[in-house]
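Novice: With these hints in hand, go ahead and build the complete structure from the sequences.
Sequential numbering from 178 applies to the sequence shown in our numbering.
For the record, the hints were derived by calculation from the structure and aren't laboratory data.
Each hint should be verified, as a subset may be incorrect.
As the list claims (entries may be wrong) - Below 30 Å or equal to it, Euclidean Cα-Cα: the simulated BS3-like pairs (lysine-lysine) are:
(1) Lys240 with Lys227
(2) Lys236 with Lys202
(3) Lys300 with Lys198
(4) Lys350 with Lys393
(5) Lys240 with Lys277
(6) Lys198 with Lys350
(7) Lys275 with Lys288
(8) Lys253 with Lys321
(9) Lys227 with Lys198
(10) Lys290 with Lys393
(11) Lys354 with Lys379
(12) Lys277 with Lys340
(13) Lys202 with Lys393
(14) Lys353 with Lys340
(15) Lys205 with Lys344
(16) Lys275 with Lys411
(17) Lys261 with Lys300
(18) Lys321 with Lys290
(19) Lys240 with Lys340
(20) Lys300 with Lys280
(21) Lys240 with Lys321
(22) Lys411 with Lys227
(23) Lys382 with Lys236
(24) Lys298 with Lys236
(25) Lys253 with Lys288
(26) Lys288 with Lys277
(27) Lys353 with Lys205
(28) Lys198 with Lys441
Computed from a predicted model, the values in this text were never measured in an experiment.
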Amino acid sequence: MNPQQIPAQYEDEINLYDLWKVIVKRKKLIIGLFVIAILASAIISLLMPKIYRGEAVLKLPTKEPQASELINIIGKIDTKEDIKRIFPNTAHLITDVKLKEIKVSRNQVSKDKFLLIIEAKDKNILTHAFTEFITYLNNLPFIKRSVEEERQRLLIQLEEIDKLIAKLTKNIKTYKKLFETGKITLVGFNPIELEKSILDLKVRKIAIKQALNRLKGVEMLEEPRISENPVKPKIMLNIAIAGISSLFVGIFLAFFIESITKMKSKDNET
178 MNPQQIPAQY EDEINLYDLW KVIVKRKKLI IGLFVIAILA SAIISLLMPK
228 IYRGEAVLKL PTKEPQASEL INIIGKIDTK EDIKRIFPNT AHLITDVKLK
278 EIKVSRNQVS KDKFLLIIEA KDKNILTHAF TEFITYLNNL PFIKRSVEEE
328 RQRLLIQLEE IDKLIAKLTK NIKTYKKLFE TGKITLVGFN PIELEKSILD
378 LKVRKIAIKQ ALNRLKGVEM LEEPRISENP VKPKIMLNIA IAGISSLFVG
428 IFLAFFIESI TKMKSKDNET
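Specialist: Dropping the structure here:
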């Protein structure tokens with residue numbers, strides 16, 4: 178070892194020892210602040226209202242607007258006025274509302290689904306709060322317009338399918354009648370194919386009718402997930418933060434008081 182490094186190392190050890198002596202000397206202050214901070218944090222956390230969280234996936238009725246566009250249109254719901262407007266019956270218990278996109282892959286989000294998160298002081302009102310939000314969305318003019326446009330599109334498809342079924346059915350009857358009277362032959366004509374086409378159209382018609390029945394606007398895909406236990410306040414986390422912060426403050430005050438004491442001692446000596 179280089180002899181010149183010994184004094185520097187020795188000086189560092191002395192400095193660390195002096196620091197430790199200050200901490201030991203002012204340990205009552207440090208420990209006192211630590212205990213007070215922990216007790217205060219625990220009491221405040223216990224007195225704070227318990228907050229419960231509910232989450233639900235909502236599905237848009239049509240491709241327009243997309244989920245990301247709807248989230249941007251609605252914006253942040255972070256004022257009391259917004260909450261009262263959207264949740265007329267449960268606003269007094271709701272503390273936070275968030276809309277989030279749902280990722281379907283690493284670089285892609287769902288176009289017709291998004292996540293609704295509601296936090297409230299009473300978990301029993303969360304289900305009703307979700308219903309209120311859906312009602313609010315379905316009363317928005319552009320949602321109503323999209324639903325009506327989709328309904329009209331499906332009704333037009335139904336009408337066209339009915340016309341096509343009627344036409345094919347009439348053609349089959351006509352061909353069969355002409356064949357029975359000997360006016361034509363069935364060479365190149367297969368009535369089974371036409372009947373199969375009619376059957377396919379009827380299946381498609383059923384699917385469209387089901388789509389019409391389901392066309393009710395924005396809807397929840399499943400029952401909302403509601404936390405059984407409060408998500409806030411996080412008592413242990415608050416206590417840990419308060420404890421660590423108080424230690425830093427206590428050590429700072431210990432050295433601050435020690436420096437003032439030394440300055441006063443020097444002034445008295447002079």
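Novice: Compare the structure with the hints numbered earlier in the document and write down the numbers of the violated ones, lowest to highest.
Specialist: 1, 2, 3, 4, 6, 9, 12, 13, 15 and 27
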